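Protein sequences appear in the order of chains A and B. The first sequence maps to residues 1 to 88 in this note's numbering. The second sequence maps to residues 89 to 361 in this note's numbering.
If you are wondering where the hints come from, they were derived from the structure by calculation, not from laboratory data. Be aware that one or more of the hints could be misleading.
To be verified - 20 Å max Cα-Cα, derived SDA-like pairs, lysine to any residue:
id, chain 1, residue 1, chain 2, residue 2
1, A, Lys-32, B, Ala-250
2, A, Lys-67, B, Leu-219
3, A, Lys-67, B, Ala-256
4, B, Lys-264, B, Leu-219
As the list claims (entries may be wrong) - Far from chain B, some chain A residues (derived; all Cβ distances over 10 Å):
id, residue
5, Ala-15
6, Val-54
7, Lys-58
8, Val-61
9, Asp-66
10, Val-71
11, Val-78
Said to hold, decoys possible - Negatives, chain B to chain A, calculated, CB over 12 Å:
id, residue
12, Asp-154
13, Gln-160
14, Asp-195
15, Glu-200
16, Pro-234
17, Ala-250
18, Arg-276
19, Glu-286
Source: prediction; values computed, not measured. No residue lacks a Cβ here, since even glycine has one placed at the ideal position from N, Cα and C.
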Amino acid sequence: MSLLDYFRTPKKNTASLAKERLQIIVAHERSKRGTPSYLPQMQKEILAVISKYVDIDKEQVKVNLDKNDQVSVLELNVTLPDNESQIR
Amino acid sequence: MSQIIVVTSGKGGVGKTTTSASFGSGLALKGHKTVIIDFDIGLRNLDLIMGCERRVVYDFVNVVNDEANLNQALIKDKRVDNLFLLPASQTRNKDALTREGVERIFDQLTNEHNFDYIVCDSPAGIEHGALMALYFADEAIIVTNPEVSSVRDSDRILGILASQSRRAERGEDPVKERMLLTRYCPTRVASGDMLCIEDIEEILAIPLIGVIPESGDVLKASNSGSPVILDSESNAAQAYSDAVDRFLGEEVPLRFITEEKPGLFKRLFGGKG
Ligand SMILES: Nc1ncnc2c1ncn2[C@@H]1O[C@H](COP(=O)(O)OP(=O)(O)OP(=O)(O)O)[C@@H](O)[C@H]1O
Ligand SMILES: [Mg+2]
């Protein structure tokens, strides 16, 4: 790099900033894509059913949908309390 | 069997209509019977870019509603053989197009008129009109500008093609997606102010079908109502022509993607931008 180039180089390369920001937002938006619209409502209803039997926190029911080319896997993860008294 | 190509982008004003006009003309120049359909209902524009605005009598919606037949609505281009235009209507009702209606017209264009290519100029956005334009597509040309919001919107359109096209709904082979990068300024890329080709390819991860440089000839072409591809001296025209060749399966190296070092003559007297 010549001395002249040094003075000409802008302080921050805005194109690389654009690329970084795009990579992050695009990855985020892709991960949300394809989740069926019924998922949030289903999550609520599952929580309601479990709450009928166990005193459980919203945070302890996790619903996750994983999509492959061939299959979709619905993963339901419930952390039950170890305390007997919380079982209704 | 006609191939249905949608020219789409999500973001508005990135060059879909410019591309539809030039790409469609390019296919016809190569001897393929081609029709370009303006899906921008309410905002008819393709007729102006193609220079046939005064020949519009019936439009796409008239044909869908059986108020006219296709022969009455199709406009045959006066410069290029094998090229036809189906103009959009100026009705305010954006829901005037139905899938059944559009499918019926596509069937006629395929079976009765024997078109090789049906090029659909999509409106901006991700609403009814844009969804209708891409629903039946076999191929998609994603028009992208080297600019953050355009790249992001292109990615959204890719998501929609993968989930809401007819091919996706039927579980057929996916729509073949390719990116056309337009309004590219090698000088600004070199100075670090514009995303470069490789960056955008990396983010969108779809094959590139061409790079159209930013060019003053595009405005001149639209002023005179002639697709820029016909201005064969112009860099933009040559870049569009290359893109058509690639679409048709030829291997053509990219041009006009590096900073042009103006010669002495150009520096003294200025040149085409
Ligand atoms: N390669 C280019 N160089 C310079 N100007 C361009 C280029 N391509 C397109 N333009 C200009 O950009 C503007 C928008 O182009 P165009 O109408 O084709 O976009 P569009 O995506 O169809 O817009 P809309 O979303 O409104 O339908 C026009 O003024 C056109 O002249
Ligand atoms: Mg347009």
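Okay, the hints, checked on the actual structure:
1. A/Lys-32 / B/Ala-250: 14 Å, holds
2. A/Lys-67 / B/Leu-219: Since the Cα atoms of A/Lys-67 and B/Leu-219 sit roughly 24 Å apart, the hinted pair is violated (cutoff 20 Å).
3. A/Lys-67 / B/Ala-256: 15 Å, holds
4. B/Lys-264 / B/Leu-219: Distance of about 16 Å is within 20 Å: holds.
5. Ala-15: Non-interface label fails for A/Ala-15: nearest chain B Cβ at 5 Å, not farther than 10 Å.
6. Val-54: 36 Å, holds
7. Lys-58: For A/Lys-58, whose nearest Cβ neighbour in chain B is about 29 Å away, the distance exceeds 10 Å, so it holds.
8. Val-61: At roughly 27 Å from the nearest Cβ of chain B, A/Val-61 sits farther out than 10 Å, so the non-interface label holds.
9. Asp-66: 16 Å, holds
10. Val-71: Correct as stated: the minimum Cβ-Cβ distance to chain B is 14 Å, above 10 Å.
11. Val-78: The claim holds: A/Val-78 sits with its nearest Cβ about 30 Å from chain B, beyond 10 Å.
12. Asp-154: 35 Å, holds
13. Gln-160: At about 42 Å from chain A, B/Gln-160 clears the 12 Å cut-off, so the statement holds.
14. Asp-195: 31 Å, holds
15. Glu-200: 38 Å, holds
16. Pro-234: 8 Å, violated
17. Ala-250: 8 Å, violated
18. Arg-276: 8 Å, violated
19. Glu-286: Check fails; 10 Å does not lie beyond 12 Å.
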